[in-house]
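My request is simple: use the sequences and hints to build the entire structure.
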Amino acid sequence: MWRRELSVHGTDISDYVVSGDLLIDFVLSNTLNSNFSACSIQTVQKMLKSNKQFCSKLGKYRMPFAWSVRSVFKDNQGTVDRESRFSPLFKQETFMYLARKRWLLCGHTLIVMHACSSDCVTSSYVALRPFEDCGLHAPTVEVDEFLQDSSKFAQPYRVYKNHIYIYPKHLKYDSQKSFAKARNIAVYVEFRSSDEEHAKPLKCIYGKPGGPVFTTTACSTVLHHSQNPDFCDEVKIELPTHLHEKHHLLFSFYHVTCDINAKTSSKKKEALETPVGYAWLPLLKDGRVSSQDFSIPVSCTLPGGYLHIKELWLGRHENGSDVKWVDGGKPIFKVSTLVLSTVYTQDPHLNRFFQQCQKREADLSQAPTSNFLNCLKGLLSMERIHVIIRFLPVIFNQLFKVLTQNDTDEVSTSTTRVLVHILAKCHEENLGHYLHSYIKVHYMICISRPQRCFTFMDRGFTFKLISNYINMITASDNKMLCELKFEFIREVCNYEHYVPLSLPIPSARITGQGAPRAPPLCVSLDFPEYILTEEFCRKHFLTGLLLRELGLALQDEQDLRHLALACLKNLMAKHSLDSRYAIKEKQARIASLYLPLYGLILDNMPRFFLRDLFPICLTASDQKRLQHDDGQNSLMKKVFDTYLLFFQINQSTSTLKHVFTALRLFIHKFPSTVFQGTADLCGSLCYEILKCCNHRSSSTQTEAAALLYFLMRRNFEFTKGKCIVRSHLQVIKSVSQLIADAGIGGSRFQQSLAIINNFANGDTPLKNTTFPAEVKDLTKRIRTVLMATSQMKEHEKDPEMLVDLQYSLANSYASTPELRRTWLESMAKIHVRNGDLTPALRTLRTRRCRITPHISEYELIAEINKPVIAVFEKRRDFKRLSELYYDIHRSYLKVTEVVHSEKRLFGRYYRVAFYGQGFFEEEESKEFIYKEPKLTGLSEISQRLLKLYSDKFGADNVKMIQDSNKVNPKDLDPRFAYIQVTYVVPYFNEKEQIKSELPINSHLCCLCCSAASSGFPFLKKRVEVVEQQSTEMNPIEVAIDEMSCKVSELNQLCGMEEVDMIRLQLKLQGSVSVKVNAGPMAYARAFLEEKNAKKYPDNQVKLLKEIFRQFADACGQALKVNERLIKEDQLEYQEEMKAHYKDMLTELSAIMNEQVSTLHPMH
1 MWRRELSVHG
11 TDISDYVVSG
21 DLLIDFVLSN
31 TLNSNFSACS
41 IQTVQKMLKS
51 NKQFCSKLGK
61 YRMPFAWSVR
71 SVFKDNQGTV
81 DRESRFSPLF
91 KQETFMYLAR
101 KRWLLCGHTL
111 IVMHACSSDC
121 VTSSYVALRP
131 FEDCGLHAPT
141 VEVDEFLQDS
151 SKFAQPYRVY
161 KNHIYIYPKH
171 LKYDSQKSFA
181 KARNIAVYVE
191 FRSSDEEHAK
201 PLKCIYGKPG
211 GPVFTTTACS
221 TVLHHSQNPD
231 FCDEVKIELP
241 THLHEKHHLL
251 FSFYHVTCDI
261 NAKTSSKKKE
271 ALETPVGYAW
281 LPLLKDGRVS
291 SQDFSIPVSC
301 TLPGGYLHIK
311 ELWLGRHENG
321 SDVKWVDGGK
331 PIFKVSTLVL
341 STVYTQDPHL
351 NRFFQQCQKR
361 EADLSQAPTS
371 NFLNCLKGLL
381 SMERIHVIIR
391 FLPVIFNQLF
401 KVLTQNDTDE
411 VSTSTTRVLV
421 HILAKCHEEN
431 LGHYLHSYIK
441 VHYMICISRP
451 QRCFTFMDRG
461 FTFKLISNYI
471 NMITASDNKM
481 LCELKFEFIR
491 EVCNYEHYVP
501 LSLPIPSARI
511 TGQGAPRAPP
521 LCVSLDFPEY
531 ILTEEFCRKH
541 FLTGLLLREL
551 GLALQDEQDL
561 RHLALACLKN
571 LMAKHSLDSR
581 YAIKEKQARI
591 ASLYLPLYGL
601 ILDNMPRFFL
611 RDLFPICLTA
621 SDQKRLQHDD
631 GQNSLMKKVF
641 DTYLLFFQIN
651 QSTSTLKHVF
661 TALRLFIHKF
671 PSTVFQGTAD
681 LCGSLCYEIL
691 KCCNHRSSST
701 QTEAAALLYF
711 LMRRNFEFTK
721 GKCIVRSHLQ
731 VIKSVSQLIA
741 DAGIGGSRFQ
751 QSLAIINNFA
761 NGDTPLKNTT
771 FPAEVKDLTK
781 RIRTVLMATS
791 QMKEHEKDPE
801 MLVDLQYSLA
811 NSYASTPELR
821 RTWLESMAKI
831 HVRNGDLTPA
841 LRTLRTRRCR
851 ITPHISEYEL
861 IAEINKPVIA
871 VFEKRRDFKR
881 LSELYYDIHR
891 SYLKVTEVVH
901 SEKRLFGRYY
911 RVAFYGQGFF
921 EEEESKEFIY
931 KEPKLTGLSE
941 ISQRLLKLYS
951 DKFGADNVKM
961 IQDSNKVNPK
971 DLDPRFAYIQ
981 VTYVVPYFNE
991 KEQIKSELPI
1001 NSHLCCLCCS
1011 AASSGFPFLK
1021 KRVEVVEQQS
1031 TEMNPIEVAI
1041 DEMSCKVSEL
1051 NQLCGMEEVD
1061 MIRLQLKLQG
1071 SVSVKVNAGP
1081 MAYARAFLEE
1091 KNAKKYPDNQ
1101 VKLLKEIFRQ
1111 FADACGQALK
1121 VNERLIKEDQ
1131 LEYQEEMKAH
1141 YKDMLTELSA
1151 IMNEQVSTLH
1161 PMH
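Numbering follows my numbering, in which position 161 of the sequence shown is assigned residue number 161; successive positions increment by one, without gaps.
Hint data in this document are derived by calculation from the structure and do not stem from the laboratory. One or more of the hints may lead you astray.
Claimed, not checked - Cross-link-like lysine-lysine pairs, in silico, DSS-like; alpha carbons within 30 Å at most: (1) Lys161 - Lys236; (2) Lys574 - Lys479; (3) Lys776 - Lys797; (4) Lys947 - Lys970; (5) Lys624 - Lys638; (6) Lys776 - Lys733; (7) Lys952 - Lys926; (8) Lys324 - Lys177; (9) Lys959 - Lys970; (10) Lys947 - Lys829; (11) Lys720 - Lys624; (12) Lys172 - Lys285; (13) Lys657 - Lys691; (14) Lys324 - Lys285; (15) Lys161 - Lys200; (16) Lys959 - Lys947.
As the list claims (entries may be wrong) - Computed Cβ-Cβ distance ranges for the label pairs, DEER-style: (17) Thr702 - Ile583: 41 to 51 Å; (18) Asn768 - Tyr530: 41 to 51 Å; (19) Arg459 - Gln555: 26 to 36 Å; (20) Val126 - Asn430: 30 to 40 Å; (21) Val441 - Arg85: 43 to 53 Å; (22) His198 - Ala362: 27 to 37 Å; (23) Ser747 - Asn957: 56 to 66 Å; (24) Gln1052 - Gly918: 47 to 57 Å; (25) Thr369 - Asn430: 34 to 44 Å; (26) Leu635 - Gln555: 13 to 23 Å; (27) Gln1069 - Phe878: 55 to 65 Å.
Here a beta-carbon is modelled for each residue, glycine too, at the ideal position from N, C-alpha and C.
Okay, structure coming up:
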């Protein structure tokens, strides 16, 4: 009554091993209509009897009941989780994964996961070697991977696979009138090769676990009493290698009777299954099988030749017989297919090309047809890289076949273009390694031929062929070609009779098999040959060839050296394990073949790191050369690079121990190399030592910490007890670099710092000097850098906070220019990445480097270039000075242009306040002035800050304060983080008004004036508010200020050399139009009418009257200028504006009790 199903859901298993998202679903089903309701002790026997009856009749029908799930891996490293249990059992609804409400069932699942057996078969049931007798245990079956269609998961097909997966989805039968009963519906899936009346299904459907391997029919689960069932079944089918138009899927629908009551009369008893429809789906469409969703109609009957029925709406077969459709022939059955095949491609271009190639191979004597050429050129339209990669070997093989079988220019040109197209696509997606693999495989096929040549051809002739092949590849050739050369040599040397072929003729009988007796092997008249000579290569051709190429490779790059040495090492290992040469004398004779290796080692000692490893072993003349120019010479650099190479290549712990010892000797003997002259050598050494301080081996950590301490101590001694400035500076620089390169700073690195401090505290001879304090200060600064970096990582998505931290760190190194420059450069990169070019410019200017200002700040170029000019003047570099002054000249011209055009925007400014101690910590209750780009609106910056802090604290924990009123933090809910954003404008005092062309001043106000800690432009895009002053203005003062601004704007527009007519008309319309003049005239009515003017001081009323007189005059001047500029199509608009202006003057005269007129009369 119960069954278990184990299935793996996912796509690329290798990807899920990394992400840990590979899941196992445990699906539990019960027999159709089984009763699992609660029962008492008295009724349990009755229920048991009832369920037995159901199982005997309906045992093969399953109904979804419950499911459970668990992860396969316990971490992201791919460790299989063998301990965790499955989740609780959930009741399976109509579609288990989308059900919103899940009912928890009593019971739990316990499944043991263990390693698979050694016997394994592919998903197509092909045995993988080694495969033993599976009588003791069942073999392990691989699951298919449903790879995503992307370059990330693209891999060439290497194992035969030819499957199609069928997924019945939904049947809509609630509107059908063809059948009296159609509720408990089962779907049978068959794969057929004919639609004739008595055709049989093919036995190619994979069976369920425990059943036959292949079966002819697959049955779906049955949903009890459902007329619109959703299915969640999967049917796996093995496709034939040759598909034709008759191959199709047949779906048969049956109503399953659940009424099996024994008391029912035999006449009333229904058949267990009643057919209620048929549907079919041809597999090939335009010669191609595809993965897609289908909606198909259902027929009431299954007529012969049903595949020929095409026009469903006619309801007739091609031979004239009627076809009755369920629900009028609507597509009521939904089904999906998923093709997983190394035989059938789903790409239309590639499919047509393969079909044409198959047709052409039938008769190659004929010229290529136009269809063939079109399909060949059609491959240029292949854009999906995953299709190309999956069929890459087949495509290449077929293209090269076409290239060699056809000699027409058009075919050759088109084939070459396709090959280039495929190569380009692979390199675009960084998938060139698959091309290398293809070449390598075919190369290996070719290089296996020399072994056959040794068997069937003359030995001397074969040697000549090998020599010719090798000599064709030189050191200047492509690296991959050189690597393939050693693959060729390795294959040749793997020949089973390599040793006899390598020995000279008198000694060739080393095996002693099948030959007359010869003198003992240990007796040889040949003298030992320690030098690789032409004579040696002639007498021992194969060994000489190998050693000669090894000598050349040792002078090449590292990868090639390793490959050549690996080839030699493997060959020697093969000799030592060969049972034919187990006798000591024979081993000695083989060893004599490799005596020239000693000469190669002597010739390449520096490359083997033997000669220059310990300077103490150098001769006196070598040591004098090393000490020349205080160690700042090319020989010393080579020796030093040799030491560093040991750190840059993975080494064993014991090897590193010797390297540390050697370096201590080196630093002791040549201190001037490290502590004088350029700091490059010292910096490189500190970088590598600090990397080892983070080593996973505790002994290596200790050795590295000891060496770093020795370096600082030697530095202190070298300066005669003054300081360790050189080592201090280089250590801090190296730490800053390693944070980005290697992510140091964990517990291992902290432990190394503690070891260094312990060394300093316990160094008795230096206890009474400043050395221990300097070491402590250095380690403290390192921890500061690490802590700041940790904070930066925490705030990496908050650009303002990130820049604040870097600015603080840069300031902490004010006395160390090089380190300060490092952090300032980092700040500039962040500004540039976020599009904040002004602070980036300021940051780079702080570094004193020559740059050209951003377009909105041409005035700064002279100030920026002052320190650079001073340097060039001191050097008398007049060419550079000429270039600088030319840049300044062009920038000042640009200043004049943008000032007159008034099209320059400096950005917008906002005051941002943060509240919430539990969230903002140090920023709590602080206010900042933010400089935002150009026309950034209030809503835009508010949304940006809301998203930023919602991502950091959670969307439910962040609130925006919607007004600009003063905030009392005590009135706010401490459970939330609050942000207040207020628009502010630049404020200039009277002195600064004269310098209005200069950059924005640091004082900003909006009803209240906020003094910031720094001015703009600045190194940062936000500065902290340090002081606020509130100024209350009475209503008439506000009116005076507003009207003064209007007068000033109108006069400025009229006085421009090139008047901006659009701006002028907009200002005019806002000043004289009756529809929108509520602003100016409202001020006049409110403050100048006799009844209202008495409320305000006389001097302010007189001042406002004077401003309105100026306003009337400015409007008149503006109308006159506009009249001069307009064309005929705007004459009516001008007359209307004049009329509005006269109305305004009339009303203004009445309010002010005087005649208000303009100084610029209009015609």
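Those earlier numbered hints the structure runs against, lowest number first:
The structure conflicts with hints 3, 18 and 23, although it agrees with all the remaining ones.
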